[in-house]
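Start from the sequences and build out the full structure, keeping to the hints where you can.
2 protein chains.
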Amino acid sequence: MTERLIGAVEAGGTKFVLAVARESGEVIAETRIATRTPDKCLPEMAAFFRHAAQAHGPIAAFGVASFGPIDIDPASADYGRFTTTPKPGWAGARFHDVLGEFGAPIVVDTDVNGAALGEWAMGAGQGCHTLAYTTVGTGIGTGVVQDGHSLAGFSHFESGHIPVARDPVHDPFPGRCPFHGDCLEGLASGPAIEERWGSSLSKLASPAGPLEIIADYIAQLAASLVLLHMPDRLVFGGGVMKTPGLIDAVRRKAEARLGGYVQAPQLDPGLQRYVMLPGLGDEAGITGAILLGKRGLGGDH
Amino acid sequence: MTERLIGAVEAGGTKFVLAVARESGEVIAETRIATRTPDKCLPEMAAFFRHAAQAHGPIAAFGVASFGPIDIDPASADYGRFTTTPKPGWAGARFHDVLGEFGAPIVVDTDVNGAALGEWAMGAGQGCHTLAYTTVGTGIGTGVVQDGHSLAGFSHFESGHIPVARDPVHDPFPGRCPFHGDCLEGLASGPAIEERWGSSLSKLASPAGPLEIIADYIAQLAASLVLLHMPDRLVFGGGVMKTPGLIDAVRRKAEARLGGYVQAPQLDPGLQRYVMLPGLGDEAGITGAILLGKRGLGGDH
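First to last, the protein sequences are chains A and B. Be aware that the first sequence starts at 1, since it is given in this note's numbering, and climbs by one per residue. Be aware that the second sequence starts at 1001, since it is given in this note's numbering, and climbs by one per residue.
Read the hints as simulated data drawn from the structure, not as lab findings. As the structure is a computational prediction, the values presented were derived from the model and not from experiment. Glycine is no exception: its CB is placed at the ideal position from the N, C-alpha and C atoms. Do not take every clue at face value.
[Claimed, not checked] Below, simulated SDA-like cross-link-like pairs (lysine to any residue); rule was C-alpha separation at most 20 Å, straight line:
#1 A:K87 to B:K1015
#2 A:K87 to B:G1260
#3 B:K1015 to B:R1081
[As the list claims (entries may be wrong)] Taking CB as the label site, the calculated pair distances span:
#4 A:R36 to B:D1078: 54 to 60 Å
#5 A:K87 to B:P1265: 57 to 63 Å
#6 A:G209 to B:P1191: 18 to 24 Å
#7 B:D1147 to A:P265: 28 to 34 Å
#8 B:P1088 to A:T138: 46 to 52 Å
#9 A:P178 to B:G1245: 28 to 34 Å
#10 A:G270 to B:P1074: 27 to 33 Å
#11 A:E212 to B:P1168: 17 to 23 Å
#12 A:T2 to B:P1074: 39 to 45 Å
#13 A:G298 to B:P1074: 41 to 47 Å
#14 B:P1088 to A:G209: 42 to 48 Å
[Unchecked claim] From the derived model, a few chain B residues whose C-beta atoms are all more than 12 Å from chain A:
#15 H1129
#16 L1204
#17 A1222
Put into structure tokens, the structure is as follows:
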């Protein structure tokens, strides 16, 4: 019997990764398109899948791991629709409007929930019940997966905007979040680093001080994730996390922030096995999207 | 047919509330005993239920909502056992050891998870999918209930110890948490208020400044709970929350901390229906314990 085909979308702020995969996970077609307004971007996405279907056969389910804010409640009439995003043109756009022509189930979750699912199933989170995946890049966000399903309340989480403690003596930068100023994302996202020091962390001539400052903000999120979710592991991906030495600094700062309060076998001394880089590297998102699509094959939406 | 009887325990740091209730929730016997070491306290608890059983009939299930840290994983061999608590004698004590003689299912959760369940079912959280209940008293803790079940990772949550932003100019108090100094509990718990100002908030001659300071710390937890759980409502109980005006100050500060970033019908302007005092007052915990016991009647542990 031929394996059924899955259409997978990792929708990011700068690019869409599109893939067609077999149920086994084997990718048989893949492309990247630039993120623009949805009237340009979404038809190009649909065209890719139309061509792939002509070449390889019908697509049996779609998995979408997308930037947000987006409605990820399968019971909602607006499931798969972007909500209040300031991204021009995207508010109100809906994946179902353009993928509906294929007549296949469409499973939509956030980009970080998708990456969390990918890491949980096939990356650094294998064997965990509860895994928190955080991206630190243009934005900051966290997805928490428990036994293969992402957690959510009335909406997906927005960890980038948590309050953090900033020491104005060591870090006088007031933050750049238009909503909160010096929330986590306002202080530790890639653009906040660029604005403050005129360069990415990796390219700074004297990165030691800035690296400690950024690591402590990320560590404050790590501590809050532990205390408010008690995940079995924390994975940190995204562009900023590629800075050499940053993951070690986050481990050190997170251990200091936790102060030995949480005693559990999961939190090894030094957090070398607790605070991890993604096992799938930049493939976590599209891997998660394929897994979401696979869930669609089983009848879930 | 006679209703079956539920034994309910709300185990707090200073007192145990013990109740025997019918399935309908009607309480037919209730007492309070002082929390001492478990060798004194737990046999007294068992004796109460023994007498109640003699008077009213056999107890068909127990529900326990307890201080922690305690193992609340029903699949664990140590389910219902206190773990690393610094409370003298309590580490290693287990509810099952003293309630086992009744031969009835024993359902154990934390005190705040129990209160969250009580508020979700019969208090200020009615109609919510996801409810976060926080106590601000001798300690600070949060339970999150989703569709009637408390959320947990490898252990129950410990929201009292999240990092918060302290402005040393307005609040030079370094905090009193033995692990973290100025974490939330180190700054905003009842004992931290007493140590800093020599009085509870309610009894201060000029409470306005202190009230603003404490409200902002609680509001930082409120913001983090929203961003990391997206609950349909936040309930704040415990002794400190009885301070006149505090809940309004928390609403104001939480709205400022969120900065309009999260737009949802749940978060009404002013947060009058989002940030709430407990609907059950001090009865949330024992109500939750009865509901946990009721779950035991259904065969859950």
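Hints, verified against the model:
Pair hint A:K87 plus B:K1015 does not hold up; C-alpha atoms about 54 Å apart against a cutoff of 20 Å. Only pairs whose Cα atoms come within 20 Å are accepted, and A:K87 paired with B:G1260 is accepted, the gap being roughly 17 Å. Taking the CA atoms of B:K1015 and B:R1081, the gap is about 18 Å. The hint holds against a cut of 20 Å. Between A:R36 and B:D1078 the beta carbons are some 55 Å apart, a value that agrees with the proposed interval 54 to 60 Å.
The beta-carbon spacing between A:K87 and B:P1265, approximately 22 Å, falls outside the hinted interval of 57 to 63 Å. Here the CB-CB span from A:G209 to B:P1191 is close to 36 Å, at odds with the stated 18 to 24 Å. The hinted window of 28 to 34 Å between B:D1147 and A:P265 holds, with their beta carbons roughly 30 Å apart. Checked against the hint of 46 to 52 Å, the pair B:P1088 and A:T138 passes, with Cβ atoms roughly 51 Å apart.
Hint check: A:P178 to B:G1245, Cβ distance near 31 Å, so the stated range 28 to 34 Å holds. For A:G270 paired with B:P1074, a C-beta distance near 32 Å keeps the hint of 27 to 33 Å intact. Separation of A:E212 from B:P1168 is about 19 Å and conforms to the stated range, judged on CB atoms against 17 to 23 Å. Judged by the Cβ atoms, the range 39 to 45 Å given for A:T2 and B:P1074 holds: they are separated by roughly 43 Å.
Hint check: A:G298 to B:P1074, Cβ distance near 27 Å, so the stated range 41 to 47 Å is violated. Between B:P1088 and A:G209 the C-beta distance comes to about 44 Å, which sits within the given range of 42 to 48 Å. Once the 12 Å rule is applied to beta carbons, B:H1129 is inconsistent with being away from chain A; the minimum gap is 7 Å. For B:L1204, the condition that its CB be more than 12 Å from all CB atoms of chain A holds, with the nearest at approximately 25 Å.
At roughly 10 Å from the closest C-beta of chain A, the C-beta of B:A1222 falls inside 12 Å, breaking its exclusion from the interface.
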